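The listed protein sequences derive, respectively, from chains A and B.
The numbering used here puts the first residue of the first sequence at 1, with every later residue one more than the last.
The numbering used here puts the first residue of the second sequence at 1001, with every later residue one more than the last.
I should point out that these hints are in silico values taken from the structure, not numbers from a laboratory.
Where hints are given, some of them may not hold.
Lysine to any residue pairs mimicking SDA-like chemistry, simulated, CA-CA at most 20 Å apart [what the hints assert, rightly or not]:
1. 195(A) - 1058(B)
2. 1163(B) - 1199(B)
3. 195(A) - 1049(B)
4. 1084(B) - 1041(B)
5. 195(A) - 1110(B)
6. 195(A) - 1168(B)
7. 1078(B) - 1051(B)
8. 195(A) - 113(A)
9. 1163(B) - 1194(B)
10. 195(A) - 1052(B)
11. 1054(B) - 248(A)
12. 195(A) - 1027(B)
13. 195(A) - 1056(B)
14. 1084(B) - 1065(B)
15. 1060(B) - 190(A)
16. 195(A) - 1195(B)
17. 195(A) - 1078(B)
18. 1197(B) - 1264(B)
19. 1208(B) - 1161(B)
20. 1054(B) - 1101(B)
21. 1264(B) - 1168(B)
22. 1054(B) - 192(A)
23. 1078(B) - 1049(B)
24. 1054(B) - 190(A)
25. 195(A) - 1026(B)
26. 1208(B) - 1246(B)
27. 195(A) - 1111(B)
A quick note: this is a predicted structure, and the numbers were derived from the prediction, not measured.
Residue strings, one per chain:
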Amino acid sequence: MSLSMTRDNIVLRSLEQIGNCGLFLLRMLAAVPRSLRHYRETIRQLWFVGAMSLIIIMVCGLFVGMVLGLQLYDVLSIFGGTSATGTVVAIAIYRELGPVVTALLFAGRAGTSVTAEIGLMRATDQIAAMEMMAVDPIAYVAVPRFLAGVIAMPLLSCVFCALGIFGGHLVGVNWLGIDNGTFWSNMTATVEVGKDVINGVLWKSFVFGIVVSLIAVFQGYTTPPTSEGVAYATTRTVVASSIAILALDFVLTAFLM
Amino acid sequence: MSQRPSYAVGTGLFIVLGFAALGYLATQTTSVVNTSRGPTYTVDAHFANIGQLKVRAPVKVAGVRVGQVQSITLDPGKETADVKLAIDQRYDKIPDDTVATIFTSGLLGDQYVGLQYGSSQKTLAEGGTLALTRPAQQLEEMLGKFFGAGGAADNLAGSYTVKARFTNIGALSAGAPVKMAGVAIGSVQSVRADPVKLDAEVTLSIDKKFNQIPDDSAAAVFTSGLIGTQYVAIQPGGSPDMLKEGDELVLTQSALQIEDLIGKFLVNGSPSDKKPADGDAKH
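Next up, chain A with everything else stripped away, as it sits in the complex:
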């Protein structure tokens, strides 16, 4: 009996969580016009979640491209098709690895800090203080961080992809000796702007940006105002974001293909 009760509770609680998250998104969207007055805050958050994530994104992109180049060269040399290395590196990065790995890194680097920051604001009653001063905390705290995440994600994803291609080129051409012209001409002949860059990189990372930012801001905003609550909220941000990214990646791929 108690088992069925707890299961009931888990189902009900997760439904409640999802419902609250959706309502929170609507509240934030409604608050977007009001938050335009705080555009400086949005820019500050863009600096914080975007520009500060640049180093980790660039380093990871470089290494992902390099390892792809290495592995593909190894496999393709069995078939004598090493000239396709550039093509496969580009397609793999554009369609899957670029947006997904960027989103996972973004959730770990920026999402957690946003959750912890808002959670601590909540725990130290700063949000209550704002409400008392007639400052809408959704428009001043939540929306700028959300918008910054949505804007930063596609840009970070593009940087990741560019560095990934560079890494693949570094390994394939400079170390393993694929012809430079073959590498690029095969890539440009196969990769398409609409299908790979716009659908693959931009759309996916835009959706991931919305999802990751929403989860991070929501978890921080609704955290129980204790230090334990903040810790849990931070963990939940990473777990929920990762699951959402990977599940959505499949759905988006099915739609955009």
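Given the coordinates of chain A, assemble chain B onto it according to the supplied hints.
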């Protein structure tokens, strides 16, 4: 101005870098230029089979892109595809007996329309029709020709078995086709090594329809194409007696190993290289 926050510059830099990366991805690593520009004129071509041809596939003359496929439609009631080709205005001197063929780039690449100019003095007008076309070669058909599987071998109405002995069967396995004149007439039923004669005894199951095979026919293990599967080819002899159930094909030719072949090339190569030297020595 003095209140400008220090992060604003960094944020601007980040945004510029992001868009620069996007521009790099979109222009340097993709084929933006693969769309035709400038005025075009259209001609029709009717194909019996367009294979995998898609709208916007290139149209090429002598391998150079001159236009693209504008539309592919099927006229109701007809069994030919109507393909409209949008060709660059610069290349409007196309003879009216030009042949349009659907080619495949490489072995597995995309398909495109290749134009081979005819010798006619008259050029094709806007909206004209290319009367001479060659349909796409389906890979399945070509593979079917190589492997010859299907048809005859599948619908066996009854079969009889004959044996053949080979000193080397290569990679031949049970189920491989038996062909005569390139057409499948049966399949390999079993392959086993003879413990006494130390060779391979292959049992061939041949369709009853083909019971007029002379009993001095030869059997050979061939390979389809360069890297294809192996099959048994029957080369008919001239004997008046026919093969019967349980007979043995005496004349056989074993599988040629690609290693042997390459070895022969290499070995044949070296003496001919030496010949001029010998000739020089005689003089």
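Going down the list of hints, with the structure as the test:
no., hint, result
1, 195(A) - 1058(B), "holds, 18 Å"
2, 1163(B) - 1199(B), "holds, 12 Å"
3, 195(A) - 1049(B), "violated, 27 Å"
4, 1084(B) - 1041(B), "holds, 10 Å"
5, 195(A) - 1110(B), "holds, 16 Å"
6, 195(A) - 1168(B), "violated, 51 Å"
7, 1078(B) - 1051(B), "holds, 17 Å"
8, 195(A) - 113(A), "violated, 33 Å"
9, 1163(B) - 1194(B), "holds, 12 Å"
10, 195(A) - 1052(B), "holds, 19 Å"
11, 1054(B) - 248(A), "violated, 30 Å"
12, 195(A) - 1027(B), "holds, 14 Å"
13, 195(A) - 1056(B), "holds, 15 Å"
14, 1084(B) - 1065(B), "holds, 16 Å"
15, 1060(B) - 190(A), "holds, 18 Å"
16, 195(A) - 1195(B), "violated, 61 Å"
17, 195(A) - 1078(B), "violated, 34 Å"
18, 1197(B) - 1264(B), "violated, 28 Å"
19, 1208(B) - 1161(B), "holds, 10 Å"
20, 1054(B) - 1101(B), "holds, 14 Å"
21, 1264(B) - 1168(B), "holds, 17 Å"
22, 1054(B) - 192(A), "holds, 15 Å"
23, 1078(B) - 1049(B), "holds, 12 Å"
24, 1054(B) - 190(A), "holds, 15 Å"
25, 195(A) - 1026(B), "holds, 11 Å"
26, 1208(B) - 1246(B), "holds, 13 Å"
27, 195(A) - 1111(B), "holds, 19 Å"
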